[in-house]
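There are 2 protein chains.
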Amino acid sequence: MINKGNVRGVILAGGSGTRFWPISRTKRPKQFLSISQDNESLISATARRLVPLLGQESIWVVTNIEHKPLVEEHVPYARIIAEPVGRNTAASIGLAALHLRCENPQMVMVSLPADQAVKDEEALRRTLQAAIDAATETGQLVTVGIPPTSPHTGYGYIKQGKPGVGRTFQVNRFYEKPNFERAKRYVEAGDFLWNSGMFAWKVETILKAIQEFMPQLHEGLMRIDAVLNTAREEAVVAEVFAGLESISIDFGVLEHARNCAVIAAEPFGWSDVGSWDAWAEHFTTDENGNLLRGDTVVVDSRNCVVHSEKSLTAVIGADNLVIIDAGDALLVCPRGKVQDVRAVVEELKRRNRRDLM
Amino acid sequence: MINKGNVRGVILAGGSGTRFWPISRTKRPKQFLSISQDNESLISATARRLVPLLGQESIWVVTNIEHKPLVEEHVPYARIIAEPVGRNTAASIGLAALHLRCENPQMVMVSLPADQAVKDEEALRRTLQAAIDAATETGQLVTVGIPPTSPHTGYGYIKQGKPGVGRTFQVNRFYEKPNFERAKRYVEAGDFLWNSGMFAWKVETILKAIQEFMPQLHEGLMRIDAVLNTAREEAVVAEVFAGLESISIDFGVLEHARNCAVIAAEPFGWSDVGSWDAWAEHFTTDENGNLLRGDTVVVDSRNCVVHSEKSLTAVIGADNLVIIDAGDALLVCPRGKVQDVRAVVEELKRRNRRDLM
Chain X
1 MINKGNVRGV
11 ILAGGSGTRF
21 WPISRTKRPK
31 QFLSISQDNE
41 SLISATARRL
51 VPLLGQESIW
61 VVTNIEHKPL
71 VEEHVPYARI
81 IAEPVGRNTA
91 ASIGLAALHL
101 RCENPQMVMV
111 SLPADQAVKD
121 EEALRRTLQA
131 AIDAATETGQ
141 LVTVGIPPTS
151 PHTGYGYIKQ
161 GKPGVGRTFQ
171 VNRFYEKPNF
181 ERAKRYVEAG
191 DFLWNSGMFA
201 WKVETILKAI
211 QEFMPQLHEG
221 LMRIDAVLNT
231 AREEAVVAEV
241 FAGLESISID
251 FGVLEHARNC
261 AVIAAEPFGW
271 SDVGSWDAWA
281 EHFTTDENGN
291 LLRGDTVVVD
301 SRNCVVHSEK
311 SLTAVIGADN
321 LVIIDAGDAL
331 LVCPRGKVQD
341 VRAVVEELKR
351 RNRRDLM
Chain G
1 MINKGNVRGV
11 ILAGGSGTRF
21 WPISRTKRPK
31 QFLSISQDNE
41 SLISATARRL
51 VPLLGQESIW
61 VVTNIEHKPL
71 VEEHVPYARI
81 IAEPVGRNTA
91 ASIGLAALHL
101 RCENPQMVMV
111 SLPADQAVKD
121 EEALRRTLQA
131 AIDAATETGQ
141 LVTVGIPPTS
151 PHTGYGYIKQ
161 GKPGVGRTFQ
171 VNRFYEKPNF
181 ERAKRYVEAG
191 DFLWNSGMFA
201 WKVETILKAI
211 QEFMPQLHEG
221 LMRIDAVLNT
231 AREEAVVAEV
241 FAGLESISID
251 FGVLEHARNC
261 AVIAAEPFGW
271 SDVGSWDAWA
281 EHFTTDENGN
291 LLRGDTVVVD
301 SRNCVVHSEK
311 SLTAVIGADN
321 LVIIDAGDAL
331 LVCPRGKVQD
341 VRAVVEELKR
351 RNRRDLM
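Sequence lines, in order, name chains X and G. Note that the working numbering numbers the first sequence so that position 261 is 261, with each residue one more than the last. Note that the working numbering numbers the second sequence so that position 197 is 197, with each residue one more than the last.
Derived by calculation from the structure, the hints in this document are not laboratory data.
Copies of the same chain look alike in the list, so a pair counts if it fits in one copy or across any two.
Derived lysine to aspartate or glutamate pairs resembling DMTMM-like cross-links, with alpha carbons at most 25 Å apart: (1) LYS349 x ASP295; (2) LYS310 x ASP295; (3) LYS27 x ASP328; (4) LYS184 x ASP250; (5) LYS349 x GLU287; (6) LYS310 x ASP328; (7) LYS27 x GLU245; (8) LYS27 x ASP277; (9) LYS349 x ASP286; (10) LYS208 x GLU103; (11) LYS68 x GLU57; (12) LYS162 x GLU137; (13) LYS310 x ASP355; (14) LYS349 x ASP300; (15) LYS27 x ASP355; (16) LYS349 x ASP277; (17) LYS349 x GLU309; (18) LYS159 x GLU181.
I would like the entire structure built from these sequences, with the hints used as guidance.
Structural data, given as structure tokens:
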């Protein structure tokens, strides 16, 4: 039914997230960090998980030109599409779709973020396989939805509609990240799923949807398509991307499209590793609930996250603190306030401290 | 009445305190640190405060041989007595007394720790002058007592006896550092003073008292006295000090002597700067009560002490935290737990981390 040769995995690694400052920086965003005991980076793990499903030769990565060397290091077998400047996921997916269509107009594309964590990899692959099958059979835009386990305010939500082919449902509606009250109502309603940011579709389907709902992007993509794989490609991409708005595929296309389906994932222990707090859940703690990495002395403390890259970090009598020492910058913060690290990065920007961003 | 030429100030700078780890280290003890906005070290300030009273040429410093270069840098005009190994204040004071007696047998000695803070310097000098006068006139061992402002458990206490000459009282008894309940009773009693560690006495008086109550130390001092200012002095001091017990002048002599007087100091804003918390009181805080030194970004935080020597320190949503980044070592600790920094230093000792001690 599904022809493996017609499917490509496209890993979106354009992020330059600040949520893991001071470890993540402009020059080393989150996807290149490790959150596992064996020091495998998030992007390496994302690619490795796809290989049994698609083969190494079918893994593509879209990234900023600045991070191309890092991608080559972390996923040596990947084919890389370099963006001159980040313009969010709609542009990345559109550009990848051009390249895949050039290989084969019937190509099916599985698109997924580079920086997520998954515990049950077999279950992930079964879910992706089901999404690929549905996209192939129905020609729909298929999103992988995660059955919510808490009223998380850091995720978008999808309300399921009528059952569709196989394990899919029609999408009733996409919802942006809610506040806590709203998130609670969604979870209690029972027919909401988290938007995982993992998608499957035929390249012709997504390009058609881009044409309909983001005509300016489509026009730019067509200019690129005309010079794809020629000496002029780089210059045209640079020119087109410079003029693009920064819009996500969800906001720019999926929320408007009528042919959207969602597939409820098997519970495969998914996380978008959105904060230091979420990061800490992927490690083993000591008997006092402290997660300690690097050179540390911890006395009379509980449930702390201590990550010390260069110097010794000593902690006395502390509860629920996050302490991240990156050598040239240090973060100290209660676990409940880790989302506010953005405020620090904003302040550094204001002070023009590019050395620390 | 008092002949300025017959008085010497002896600053005891033998400390190797761990209470200011990670800033203070074996190689740079507390007395060489600054706690003022203008970066004057504690020992520099201690010496400078004595100069109007005694003159630069009358300032002596007793220190460990290892710290002699630091003393030369911080108090360039001082005469330095170098100890081969620290044996607490009884040995330091005895050794200094030999040197002063060699200059002039009638010499009066004002002895004081190198690492205290004083706000009203004129008031300090008036009090020291009164102590010198009393020691000169009465031949007593005079301690400067500080009227207590709180039931502090970090200080020794002195119970006043009958009034003596001038502003002095006989010492009824010395008390070691009390627990909180006991300290409260002392303060409520009204006739207790904190033991400041500042003393005045004739050299012949203190040497006689050492002879009576610490005969072993006295015997060693006499062996040193026989070779003082000769080529053999250094070797004999090394040999004698190696065999000495480590005993404070309070415990070894003053608590036993009958000719002890105490003089109640004018309120001159005294502190022994015994912890990071006390240290913080000497600086101006921001509008949220945060004391910030070095490169910091502090968001939504109150009453924190942040000292960042080399890297940037970012703090979010924290209350009452002490964060001290010395470059190669970092301390994070609630303000109420700063005394426990000793536990960290003990642990470093156990791990044989001499690089950080």
